[in-house]
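Chemist: Letter by letter, the chains look like this.
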Amino acid sequence: MTTHTFKPSLPPPSMSVGPVAWIRANLFSSWFNTLLTFAAIYLIWVLIPPAIRWAFIDADWNGTSREACTSGGACWVFIKVRFWQFMYGFYPEELRWRVNLTVLLAIVGALPLFLKAMPKKLPYGLAFGLVYPIVAWILLFGGMFGLAEVQTSQWGGLMLTLVIATVGIGGAMPLGILLALGRRSHMPAVRVICVTFIEFWRGVPLITVLFMSSVMLPLFLPEGMSFDKLLRALIAVMLFEAAYIAEVVRGGLQAIPKGQYEAAGAMGLGYWRMMGLVILPQALKLVIPGIVNTFIALFKDTSLVIIIGLFDLFNSIHQATVDPGWLGYSTEGYVFAALVFWIFCFGMSRYSMHVERRLDRGHKR
Amino acid sequence: MPNSTGVKPSSGSMLTDPKARALLFQVLSVCAVVGIGWYLFHNTQTNLAQRGITSGFAFLNNTAGFGILQSLIEFAPTDTYGRVFFIGLLNTLLVSVLGIFFATILGFIIGIARLSPNWLMSRLAAVYIEIFRNIPPLLQIFFWYFAVLRAMPAPRDSLAISDVFFLNIRGLYVPEPTMTVAFWPFAFGVLLALGGSWELARRARALKITTGQEFPVFFSSLALLVVLPGLSILVFGKPFNWTLPELRGFNFVGGMVVIPELFAITLALSIYTAAFIAETVRSGIQSVSHGQTEAARSLGLRPKHMLRLVIIPQAMRVIIPPLTSQYLNLVKNSSLAAAIGYPDLVSLFAGTVLNQTGQAIETIAITMSVYLTISLTISFLMNIYNKRIALIER
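These protein sequence lines are chains A and B, in that order.
Reading the first sequence from the start, the letters are residues 1 to 365 in our numbering.
Reading the second sequence from the start, the letters are residues 1001 to 1394 in our numbering.
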């Protein structure tokens, strides 16, 4: 008996696999699609080559003054000369190691929180959150342990931006959580107070809040008590952000099934233990992406302190562009500022998406 | 009340009774809030008395005595602070409305391009979204204002678009319409056409429900909109006369000018907000599950009907709430105009008027309450809308 043997199968038609097929399917599947492809290519052609020529090919990189900028492209010399001022503001040059050390400590200290295998994350995080601000304050401001004092008016640049953003969100967290709990409380008076607070701050623009901190806060305080400008701005930012954090946390609290509350109650836990041990650990984990997004918004909003005359990253750069010695290079300045902000915000938004994906237990089609 | 075992539940002290505790806690928190409020009020009173500032809103009737860069209603330096407030408010609303209009159009286009089957288009849209939403709006405003518009040529060397639009350092010059006698018949014609289309759509829906017959609503409405106003133009003449801007000496005469401040802030806010709207639109359309598309297809709906009857209504339900909050953000962000000196509410009222009068509390309170009113009104309307369109399940 003869056995039938199949011939080897033919390769698929060359038009249906490989790059050609991909291009046909994604770029030229219909006349409209083809039109779009050409429109997109035209857009890219108009935008990208001139930008690259300006930023790289025709750019000037070396030199110390504007005389070095002769080739007609971007004058990166401007950024190079002012770079350290953009980073540290007027922080004394010989003391900048203290800023670097503060940032290093933050990174080293926060690293374990991002490791999956780390045990006892919550107590560690709490301890870090309590100890680090004190250490950072001592390092940055000085005046203790033989460290020379650096007034906050000398703080500036990216460092100040980071200080405002992290203190703003860090200070807003506890208040925001309390407000979120208050908003979901069964006690009407507490609920009304919290809702009023949250809706008030969410309803006004940050700029008016900063105005308020600079002109109204001094009126609110008793005679002879005055805050420094940075602290006033920080208080304003904290109150403002607390309202946003509260809404984010409320979202997390609402996502916890009722059974969890009932189970905790059945175990005989009181309100604070129920929240602290059962509900909040679950809810806060759910809202990490939301909190990161709030942080991104705040990070962008720190640029508003220009209104009250603080020299954050953006204001340092803006002031440099109106310096008579460097007039006419505002585009370079703003592009650099945009790049720095973009790197931070984009990085954080990627992280938030990553967490969201990890937390997402739903099914996708 | 004795229970089954006959043991009375311990009444305990007041402190272990949940109701009494809740009451106590509420009284305490109200006392704390009132106490803090009174403390601040007291300090403020003392401080104001010491600085010799009289509180109250009487200053609104005083003469302002300064000029304003742009006002939608007549303004002279002899007018009152009260009028300054209205001009600021109108300018804020102008920026907000313009911004919302352009951001919506741009946002929807980019959001749809993001979902385009064309790989290049969807990549381009993604790049746009990722670039513009991660750069602070204030920076974008400054970029357009200081780096682009302040670097424009003088009026003599304006950038001209077909001799109708001119862009120079003083702003964007556009033709100005002036109404003629024929305007009212024209406006009446437009209104009539709109009313007619609405009535037509209503009847067509009723016809479809009773008999299943289709009526070409879109084309007949379009015909109405072209014919009625067109007829009025034929009979009565042009509804508008356009005055073109014209270079005379060192500046342009005639036409309307969009000042660079307004131009920069509208451009920046539209571009910034459009990135967020695009994401909203994308996620809204993607939220309609694939099963819906498949079901619509298996019912034999054409792609056109599938979009209009199945996908868009469901997507809108997801899109509209975040869209409104984007609009609200845009209104709040319009206050950034203060940073480049556009005379909006914050810059005029919480800036100039505050500096001139020293009435810090009143001006800030009025400014904040305007934004609060806008926010609360919109979120109130939003809640009503949400209740109306919420899915009713079981």
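Just so you know, not all the hints are guaranteed correct.
[Stated by the list, open to error] Anything over 12 angstroms on all C-beta distances counts as not near chain A; from chain B, calculated:
| # | residue |
| --- | --- |
| 1 | Lys1238 |
| 2 | Gly1358 |
| 3 | Asn1386 |
[Claimed, not checked] DEER-style ranges, computed between Cβ atoms:
| # | chain 1 | residue 1 | chain 2 | residue 2 | range |
| --- | --- | --- | --- | --- | --- |
| 4 | B | Ile1259 | A | Gly309 | 19 to 27 angstroms |
| 5 | B | Phe1057 | A | Ile107 | 50 to 58 angstroms |
| 6 | A | Phe38 | B | Ala1201 | 31 to 39 angstroms |
| 7 | A | Ala55 | B | Ala1201 | 46 to 54 angstroms |
| 8 | A | Met15 | B | Lys1208 | 39 to 47 angstroms |
These aren't lab readings, by the way, just hints derived from the structure by calculation.
Ideal Cβ positions, reconstructed from N, Cα and C, are used throughout, including at glycine.
Chemist: Checking against the hints above, which ones are violated?
Modeler: Of the numbered hints, just 2 does not hold.
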